[in-house]
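Participant: Single-letter residue listing:
Number of protein chains: 2
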Amino acid sequence: MHDHSIAELPSLRRQKILLLLERDGKVMASELSQHFAVSEDTIRRDLAELDSAGLVQRVHGGALPRPKDSGKDYFTRLDETDEVKVRLAQLAAQHIEDGQIVLFDSGSTTLQVARALPADIRITAVTASPLTAIALSEYKGVKVILAGGELNPHSMSASGQEALRLLAGIKADLAITGVCAIHPEVGITSLHFDEVPIKQAMLDSATRVIAVTTADKLGAVEPFVVAPCTRLHTLITERHPGSGNVEDYRRLGIVVEQLPD
Amino acid sequence: MHDHSIAELPSLRRQKILLLLERDGKVMASELSQHFAVSEDTIRRDLAELDSAGLVQRVHGGALPRPKDSGKDYFTRLDETDEVKVRLAQLAAQHIEDGQIVLFDSGSTTLQVARALPADIRITAVTASPLTAIALSEYKGVKVILAGGELNPHSMSASGQEALRLLAGIKADLAITGVCAIHPEVGITSLHFDEVPIKQAMLDSATRVIAVTTADKLGAVEPFVVAPCTRLHTLITERHPGSGNVEDYRRLGIVVEQLPD
DNA sequence: CACAAACAGGCATAACCATGCACGACCACT
DNA sequence: AGTGGTCGTGCATGGTTATGCCTGTTTGTG
Numbered sequence: 001m002h003d004h005s006i007a008e009l010p011s012l013r014r015q016k017i018l019l020l021l022e023r024d025g026k027v028m029a030s031e032l033s034q035h036f037a038v039s040e041d042t043i044r045r046d047l048a049e050l051d052s053a054g055l056v057q058r059v060h061g062g063a064l065p066r067p068k069d070s071g072k073d074y075f076t077r078l079d080e081t082d083e084v085k086v087r088l089a090q091l092a093a094q095h096i097e098d099g100q101i102v103l104f105d106s107g108s109t110t111l112q113v114a115r116a117l118p119a120d121i122r123i124t125a126v127t128a129s130p131l132t133a134i135a136l137s138e139y140k141g142v143k144v145i146l147a148g149g150e151l152n153p154h155s156m157s158a159s160g161q162e163a164l165r166l167l168a169g170i171k172a173d174l175a176i177t178g179v180c181a182i183h184p185e186v187g188i189t190s191l192h193f194d195e196v197p198i199k200q201a202m203l204d205s206a207t208r209v210i211a212v213t214t215a216d217k218l219g220a221v222e223p224f225v226v227a228p229c230t231r232l233h234t235l236i237t238e239r240h241p242g243s244g245n246v247e248d249y250r251r252l253g254i255v256v257e258q259l260p261d
Numbered sequence: 001m002h003d004h005s006i007a008e009l010p011s012l013r014r015q016k017i018l019l020l021l022e023r024d025g026k027v028m029a030s031e032l033s034q035h036f037a038v039s040e041d042t043i044r045r046d047l048a049e050l051d052s053a054g055l056v057q058r059v060h061g062g063a064l065p066r067p068k069d070s071g072k073d074y075f076t077r078l079d080e081t082d083e084v085k086v087r088l089a090q091l092a093a094q095h096i097e098d099g100q101i102v103l104f105d106s107g108s109t110t111l112q113v114a115r116a117l118p119a120d121i122r123i124t125a126v127t128a129s130p131l132t133a134i135a136l137s138e139y140k141g142v143k144v145i146l147a148g149g150e151l152n153p154h155s156m157s158a159s160g161q162e163a164l165r166l167l168a169g170i171k172a173d174l175a176i177t178g179v180c181a182i183h184p185e186v187g188i189t190s191l192h193f194d195e196v197p198i199k200q201a202m203l204d205s206a207t208r209v210i211a212v213t214t215a216d217k218l219g220a221v222e223p224f225v226v227a228p229c230t231r232l233h234t235l236i237t238e239r240h241p242g243s244g245n246v247e248d249y250r251r252l253g254i255v256v257e258q259l260p261d
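Residue numbers (the numbering used here), protein chains in the order written: chain A, 1 to 261; chain B, 1 to 261.
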C-alpha cells in the first residue's frame, strides 16, 4: 500500500507519479501528498514540472494523462518540429552510405533523419518504431525491417523480447540514436524504463553509433541508464553556448559535429 | 452502471461528459447531476464552460453535440469510396468487444475499422501493419502488438518468418480482414504472393473471422489463393445490386451483413 | 393561463493554488 | 574546516476556483 521508503528521490517520486497516473487515469494532489508523505506543495511542484515537460496535463486538484495527438495532429506536429532538428538530421544523414545496414532508434529526431535521406539511397534499415518504418518505406531503395512486439505508447516503438531477439540477430554497420539525456560521466539515460533494453540492444548490434541531440539534452540526466558515453562514436548537436561543453565528450574520444551557426 | 469512482476532478468530469455525449448523442443536466453525484448547478456550469469552449451545444435541459464543420467532411466526401469504407468499418467495429484479442489485417479497409472503434474500447490488438498499429495506439485502452519482420512495400505490412512465428503464438478471439477478392467457390484470393502466408496465419490464429469488403470485390478472383470461404464467419459488405449475390455466401454458412441503403 | 422544470446571478464556504521566505542537506571549491 | 552556491522541502500569505444553496426569472407543456 504505502510507500515505506524514507527518503524519496524527487525524480523517482515523479516517475512513480507517472506510473500511478497511467494506472488510474488520474492523480489527485491531496492523495499523492498522503501517499508519498510529503506536503501538497511538493506534489504541486512535481506536477508543475511534469506538466511543463509535457508528460501530464495539469488540472485543478491534480493531473490527467496528456491527451494523445490524433493522426492528423501528428502530421501537423511534424511541421511544427523544430527546424534545428531537421538541420541536425541532415547532418546525420550524410553519414549513411549505400549498402549499409542501419539501425534507427525511435524518437522524433531519428525520424527526421529518416526523412532527410537522399532519395536514391540504397540501404537496409532496421527500426522498432512503426512511424520511422513508414517514413523509411517511402524510399524505393530502402529495405525496411521492423522489430515487432508490444507497442510502447510513450515512445511509439516496439519493446520486449520479440524486438530484442530480432535485434540480437543483426549486426549493423551503423546505429542512429536520439538520446533523452546525455552526461559525460553518467552516460546516456532515458526517462522511460521500457525503452532501455531496446536501446541497449541497438547499441550492442551496431559497429558504429551516431547520436543526434539538441543542445538542451547535453549534461542532462534521467532516471534510467542506457549506456556509458564511450559507446558513442559520433555526437551530432547544435552549437550552443552555456549548456554542456562539448569538449567533455571529445576527451572521451567521441567525434563531435556541430551545426554551423 | 453508475460511476462509482466519483470524479473529484472537475476537468475529468467534463471530459466524461463529452464521452457520454458522444455515446448517447445527448446529455441531460438532471441525469448528469445524479450520475456524478453533484448538484445541477455544477453540471450547468460545466455545460456552460464546455459550450463557451465550443465543445458542446448548450440547450434547455442539457446539451447536444456541436454540429460538425462541413469543411472537413467536404474533403473526405470527395472520395466517395472512402465514405463507403468508413461506413463498412463502423459496422465491423460493432463486433469488437472489450477484453477481446483482435487481429487486424493490413489494408485500407481494416485501417478504417481501427479508426472506427469507440474511444473507450479496451482490447489487445495484433497487426502486421505499422499504419494500423499507429492508428490503434491512439486508443488509451488498446494494447498494440506489432508483428515484425521485413516490410512489404506494396501492402505496407510485415511479412516473412518473423511475423508468422509471432502470429502462430497467438490465439485470438477475432480477426478483421479486408479481402482483395472473394469468390463463393474459389475462396479468398490475393494479388500479392507475399501477403498470402501472413493472411493464412491470421485466419488460423482466430476463432472467429470477419471480412470487410466493398461490393466490387465480391465474385472476383486473383492469382493467389488464401483460403476457402468456409474460413469466414461473417462478411460485411455493401448492398449493391448486380455484382455478386450474397445468398451464395449465406448458403456457405457465412453471416452476411450489409449496409443499410 | 398555470405549473413545474430549468435557468441566471449572488453569496458563503471550503478546497486548491502561486508566491515568497526560511531551514537544512548537499556539493564544489579555496 | 570553512564558505558559498544550489536544491528540495515545508510553512505562511493572500488570491483563485469549485461547489452548494438561495432568490427570482425564464422556458416548455398541458
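None of these hints come from the bench; they were simulated from the model. Quick caveat, the model's predicted, so the values are computed rather than measured. All C-beta atoms in this analysis are idealised placements derived from N, C-alpha and C, irrespective of residue type, glycine included. Errors might be hidden in some of the hints.
Said to hold, decoys possible - Distance condition first, Cα-Cα at most 16 angstroms in a straight line; then the derived EDC-like pairs of lysine to aspartate or glutamate:
(1) A:LYS140 with A:ASP120
(2) A:LYS140 with B:ASP24
(3) A:LYS143 with B:ASP194
As the list claims (entries may be wrong) - One-sided and incomplete, this derived list gives chain B residues near chain A with beta-carbon spacing under 8 angstroms:
(4) LEU9
(5) LEU12
(6) PRO118
(7) ILE134
(8) VAL144
(9) GLU150
(10) GLU162
(11) ALA163
(12) VAL246
(13) ASP248
Participant: Could you tell me which of the hints above the structure violates, numbers in ascending order?
Facilitator: 2, 6, 12, 13
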